[in-house]
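Asker: Given the sequences, and given the hints that come with them, work out the whole structure.
So the sequences go chain by chain: A and B. Start counting the first sequence at 589; every next residue gets the next number (my numbering). Start counting the second sequence at 559; every next residue gets the next number (my numbering).
Everything labelled a hint here was simulated from the structure, so no lab data went into it. There's no promise every hint is true.
[Stated by the list, open to error] Within a straight-line C-alpha distance of at most 20 Å, the following computed PhoX-like cross-link-like pairs (lysine-lysine) qualify:
#1 648(A) - 623(A)
#2 660(B) - 623(A)
#3 719(B) - 750(B)
#4 734(B) - 648(A)
#5 663(A) - 623(A)
#6 672(B) - 663(A)
#7 630(B) - 683(A)
#8 708(B) - 719(B)
#9 630(B) - 734(B)
#10 750(B) - 783(B)
#11 648(A) - 601(B)
#12 656(A) - 623(A)
#13 683(A) - 663(A)
#14 706(B) - 734(B)
#15 623(A) - 672(B)
[Said to hold, decoys possible] Have a look at the derived ranges for each label pair, beta carbon to beta carbon:
#16 715(A) - 598(B): 23 to 31 Å
#17 664(A) - 799(B): 49 to 57 Å
#18 763(B) - 684(A): 40 to 48 Å
#19 694(A) - 799(B): 21 to 29 Å
#20 659(A) - 708(B): 47 to 55 Å
#21 607(A) - 834(B): 43 to 51 Å
#22 682(A) - 704(B): 36 to 44 Å
#23 716(A) - 749(B): 31 to 39 Å
#24 618(A) - 808(B): 29 to 37 Å
Heads up, the beta-carbon is just placed ideally off N, CA and C, and yes, glycines get one too.
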Amino acid sequence: MRGSIPIALGLVAFAAAPRAQQTDDTAWQPHRATKVLYAGWPGGSREQAFQQFLEQHFDKVGVIDLEKLSIATAKDYDVVVADWCSQYGNDGYQKRENSLFGVHVQLDPEFTKPIVAMDYVSSNVRNQYKLDWL
Amino acid sequence: MRLDHPIFHTPLAVDVVLDQDHPYTDAHDGQGTWLVHEGEFGKGCDVGIVSDGHGFEDSPDCERISGGINSKGPRAVAIGRQANLLQWGFYGAPDRMTAQAKRAFLNAIVYMRKFDGQAPLVQKQSRGRTWLSQFADTLAHMSAEERKGKGENNYASYLKKNFPAELVGDDFDPAKLRAWYENHEEYFGHGKERHDIVLDEDLVALHLSNRKPAFLDWLRQRFAKDPHDTLALRLAARYLGPEHGKDAATALAFLDDNRPFLFFSDTGGYRWFVDTNAQRAARAADSGASKNNR
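Answerer: Structural data, given as structure tokens:
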């Protein structure tokens, strides 16, 4: 009897997996049309990981250098994912010397497109506001 | 962690499994920890960021969704939103994210769409008053020897300068310090420096909170009796801001025009602001209703 338990559990999992996938697909379908702009460190490992991931889930994904993010470059998108490099020089990025990396982009107060900012980018793109490390 | 937040539920269900067997000293709230991504700091992975959580939600366009393991304290914000900007404070890109974190991240992208067009209601000008509560707790957890620390670069000294000297001296009593904070919590205002939180003796004398709607009623009553009331003019300038509190007529007009949409923000500079998002929405609803009634 004990030996049969793993087989039974395996079958349950096998039967449940396609149903869960179907539920996900149905729930996600209306959101595939969300137009997402990834703005990050050009050519970095993170850009590659994000692009691959976002393209699996959204029909339109754009990729630009974060330092070129502006009202004009974001105008054709619904949501921006703002990202930059490893601050400590990991993941194939340039090793830091005496200071942490920061983003040289400050968004205008008129930039009202939704942004999901990764890690420390929130305090760089809009400092003096509440999403700041200080 | 706000497990009821939409980013954990829709459109994709997220199975947040909280680990309560490996408590982290700095995870603080006892809720347990959720693994967001793989990788360890110092082994090819970075730390993330948390924002100051004290007063974070004192403007209605902000929401704290999750804390994180950090050294800023239990209120710190790892995942949070101000207006159209959501901070996902964890370092891991999708190649490091756990399967469930990827789902929450996708939900976050979808969730943010509805904030298109929003700009922040307040700029950060000061620290929230609850920092003092955390400072009191930190002092209470120090040893007597640590608390005796002096000098500009000493942490205990830095904490103690926020409180009356008689409460943080040699006969330190954490209960008395806690009681002092609780008895004065409603009367703090902004000091000269960005991080200064000071006791407003006018409010103490009046037993009047600066952040409750009763403050606005008090102003109205005082100005109705005497538009030149010195104390009311001083408090109006301080807490409505110089532009709205410059005289009784301006202050009353500001209150009349905006009363249902006013909120008080410590972090915005210890003053009242207008929730222009809610005001705009109400005006649009009124306009729609009047069109339907034609």
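Asker: Run through the hints listed earlier and report the numbers of any the structure violates, in increasing order.
Answerer: 4, 7, 9, 10, 11, 13, 17, 18, 23, 24
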